[in-house]
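Protein chains in written order, with the numbering used here: chain H, 150 to 536; chain F, 93 to 254; chain D, 52 to 224.
Heads up, none of these hints are tricks.
Lysine to any residue pairs mimicking SDA-like chemistry, simulated, CA-CA at most 20 angstroms apart:
(1) H:507 / H:329
(2) D:161 / H:357
(3) D:161 / H:269
(4) H:458 / H:311
(5) H:226 / F:145
(6) D:116 / H:396
(7) D:76 / H:271
(8) H:335 / H:506
(9) D:78 / F:241
(10) D:78 / F:240
(11) H:226 / F:157
(12) H:226 / F:161
(13) D:202 / D:224
(14) H:226 / H:251
(15) D:78 / F:132
(16) D:161 / H:273
(17) H:507 / H:463
(18) D:76 / F:115
(19) D:161 / H:360
(20) F:235 / D:79
(21) D:161 / H:289
(22) F:235 / D:78
Which stretches of chain D does chain F cover? Using the computed rule of at least three CB atoms under 8 angstroms from a CB of chain F, they are:
(23) 70-83
(24) 86-92
It should be emphasised that the hints constitute simulated quantities derived from the structure, not laboratory data. Ideal placement from N, C-alpha and C gives every residue a C-beta, glycine not left out.
Take a look at the letters that make up each chain.
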Amino acid sequence: MGMRRVAVIGAGMTRFVRRAKETPKELSFEATRMALDSCEMTRDDIDCVVHGTAPDAFDGVHMKAEYLCDGSGGVGKPYTRNYVGGGTGVFAPIQGWYHIASGMFDTCLVVCEEKMSSCQPHPQGAFLTIFDHTTERALGPNLLWIFALEMNRYMQTHGITLEEIAAVSVQNKGNALDHPCAQLGKKTTVKEVLESEVLAWPVHREMVSPTSDGAVALVLASEEVARRATPKPVWIDGVGWTLDTAYWCTRDLYYPRYVETAARMAYDMAGITEPDRQIDIAEPYDPFAYKMLHHMEGLMLCGKGQAPKLVADGVTARHGRLPCCPSGGLLGVGNPIAAAGLMKIAELFWQLRGEAGKRQVPGTPRKGVAQAWGDLMQVGTVVVMGA
Amino acid sequence: MGLIQKSSSNQELRHYRGNIPVGNLYTAGIAGDRFFVDLRDKGRLLGTRCPSCERTFVPARHFCEECFTRLEEYVPVPSSGTVHSLTAAHVDLDGKPLDPPHVLAFITFEGCAGGLVHRLGGAPGQSFRIGDRVEMVLKDRKKRTGGINDIEHFRPAKGSRR
Amino acid sequence: MAKRVRSMQDFDFRGTALSADEFSKGKVITTTGEPHAEYAWDCGPAISRYLEELRNGRLIARWCKRCNRTMLPPRMFCELCWCPTTEWRFVRDTGIVNTFSLCNITWDMKPLKTPQIPAVIEIDGASAGMGIMHLIGGCDPRKVRIGMKVKAVWKPAAEREGAITDILHFTPA
Numbered sequence: 150m151g152m153r154r155v156a157v158i159g160a161g162m163t164r165f166v167r168r169a170k171e172t173p174k175e176l177s178f179e180a181t182r183m184a185l186d187s188c189e190m191t192r193d194d195i196d197c198v199v200h201g202t203a204p205d206a207f208d209g210v211h212m213k214a215e216y217l218c219d220g221s222g223g224v225g226k227p228y229t230r231n232y233v234g235g236g237t238g239v240f241a242p243i244q245g246w247y248h249i250a251s252g253m254f255d256t257c258l259v260v261c262e263e264k265m266s267s268c269q270p271h272p273q274g275a276f277l278t279i280f281d282h283t284t285e286r287a288l289g290p291n292l293l294w295i296f297a298l299e300m301n302r303y304m305q306t307h308g309i310t311l312e313e314i315a316a317v318s319v320q321n322k323g324n325a326l327d328h329p330c331a332q333l334g335k336k337t338t339v340k341e342v343l344e345s346e347v348l349a350w351p352v353h354r355e356m357v358s359p360t361s362d363g364a365v366a367l368v369l370a371s372e373e374v375a376r377r378a379t380p381k382p383v384w385i386d387g388v389g390w391t392l393d394t395a396y397w398c399t400r401d402l403y404y405p406r407y408v409e410t411a412a413r414m415a416y417d418m419a420g421i422t423e424p425d426r427q428i429d430i431a432e433p434y435d436p437f438a439y440k441m442l443h444h445m446e447g448l449m450l451c452g453k454g455q456a457p458k459l460v461a462d463g464v465t466a467r468h469g470r471l472p473c474c475p476s477g478g479l480l481g482v483g484n485p486i487a488a489a490g491l492m493k494i495a496e497l498f499w500q501l502r503g504e505a506g507k508r509q510v511p512g513t514p515r516k517g518v519a520q521a522w523g524d525l526m527q528v529g530t531v532v533v534m535g536a
Numbered sequence: 093m094g095l096i097q098k099s100s101s102n103q104e105l106r107h108y109r110g111n112i113p114v115g116n117l118y119t120a121g122i123a124g125d126r127f128f129v130d131l132r133d134k135g136r137l138l139g140t141r142c143p144s145c146e147r148t149f150v151p152a153r154h155f156c157e158e159c160f161t162r163l164e165e166y167v168p169v170p171s172s173g174t175v176h177s178l179t180a181a182h183v184d185l186d187g188k189p190l191d192p193p194h195v196l197a198f199i200t201f202e203g204c205a206g207g208l209v210h211r212l213g214g215a216p217g218q219s220f221r222i223g224d225r226v227e228m229v230l231k232d233r234k235k236r237t238g239g240i241n242d243i244e245h246f247r248p249a250k251g252s253r254r
Numbered sequence: 052m053a054k055r056v057r058s059m060q061d062f063d064f065r066g067t068a069l070s071a072d073e074f075s076k077g078k079v080i081t082t083t084g085e086p087h088a089e090y091a092w093d094c095g096p097a098i099s100r101y102l103e104e105l106r107n108g109r110l111i112a113r114w115c116k117r118c119n120r121t122m123l124p125p126r127m128f129c130e131l132c133w134c135p136t137t138e139w140r141f142v143r144d145t146g147i148v149n150t151f152s153l154c155n156i157t158w159d160m161k162p163l164k165t166p167q168i169p170a171v172i173e174i175d176g177a178s179a180g181m182g183i184m185h186l187i188g189g190c191d192p193r194k195v196r197i198g199m200k201v202k203a204v205w206k207p208a209a210e211r212e213g214a215i216t217d218i219l220h221f222t223p224a
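Chain H extracted, bound-state conformation (with noise of 0.2 angstroms):
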């Protein structure tokens, strides 16, 4: 396609936390100052910058990009905002790997960054205007109301049972243990997720990922400066993003065709003819406990119905043969909707070079693949990585 390689070589993050003292730039800043640390880099290294973060009204600032920009390195230097929903995360590195792909430029910083407490009395009220305002708006909707309509529709369809959805809150939860950044990592029993209470049957509260603040930030360089900065590189091998229709009591809610759509698109770029095969360590979105189940199928790493066997037999175990969500993803990590998306690719990052420290899975992971969602349950991101 002409289109040059992208390595990512360097990352940064914040503490993922409830309230953050720090600003959104300072928090920005953070990120963003350990990535360039972490491939020993300045700011005048960098050719352009990438900012993703979800709705301005989280933060407060409208036109947040713009308010973001100084602690995200952007000051005079090219300057893009993107925001796709919860797919944020993982659309952002897409739209830097274009920027370096296309020959414009050689590195590009990446920052995501969301601060959901500013945001009262809960953030929900900012997401109440995805319901169409005419023809749903008007029954009193909350976000909650489409997960849960989302995960009967899953279980029905496959008969998959409470038990095992709540085994992956009890897996990531576990998995974050070892994140130094986790804002919810603990030791929990699938007795006790099913003990909590009932937000919205069939969502139980430890099934639902928190309101978070935090930051991260990756650089991505060309592959000639890529090889000059760090023995290490990781490649961006595929990157794919789709959205479905806007009309979502139009699709069937059990399988998440709009992550297929993105899927194929990455692994045909990545040349992943198998997937459940060729990925080594994979990072699904999950807000909620069944995404994390649905995510997995729609990324092709098992049949329709078929991820809840593979948590229970241990197989995305953080030991298991393909480990899904070792960070700890949402659940575990936290949820500051753009940055937890780029946590996840920073996961990959770490882990495809060995440096996950406590969290590392064993072997020599070579290719992963990490993928976020939202909007109206509607958009795919996803991204491949190769070592």
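Starting from the known structure of chain H, arrange chains F and D on it as the hints suggest.
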């Protein structure tokens, strides 16, 4: 309809009313917290110094956006400055007349980068020009809450002349 | 640019966690803001007619000639084949439950005394899989099932205002 014609019939079309029902609670941040606590408790302006470009930023900020260094050296700066630019607001946000007009200025501080936007005040009928020396007038200690309005306004500096 | 690699383990992670009290009771410096974001959203021709027919106690759809799809809610163009839709078609006010939830909280996480039962309902007479979101009511929440037949319960004609809430809820048929 021409570009400058207004449609006044919008509300007669079929529409549905709604809102985004959120408010915001913002932290002042790492540097902002230090700045406002110092202003409230000690009545002074705090800046941060960049070890790389050697600029001192007022108000204090947590990082230098050019050098991208973390700023950890907090220094008090003089509370009198210079009117860098000013304007007089003759109407409020709702278009109601303001009498006397509110005089607002961007005030810079010698040897410092950045500055403060604030009100100018003083004796009735006081006039201001760009380049005037001005000094900070604080509210009483008991009335200060740790916000930009702990500063009442800036007034002509003692002994300053045009 | 140096070749030294600094791993994740070499860093002290930044980010300062505040407790709920520190945050909301003035232990740190904070300010507040109110965006006052109030809107009047135009409904457009398809939804305006949909609302008008709800006032009449009927559900109306639009038909795409090329895809042979009868679409609900009605729309002036087909998002799949990207052609204008050509015909209005009335559909029934009955359907089957595609999926549902029992919701115990409000959007700002306050408990609800009576759970709401949001559902996607596939409407009879619309094309297969064409659902709308609405509420289920007038029945024991424990008896709601995917695949259950339901029918609309309308407000009395005099009280209807041309809104989706002119249907109070769907109830087992």
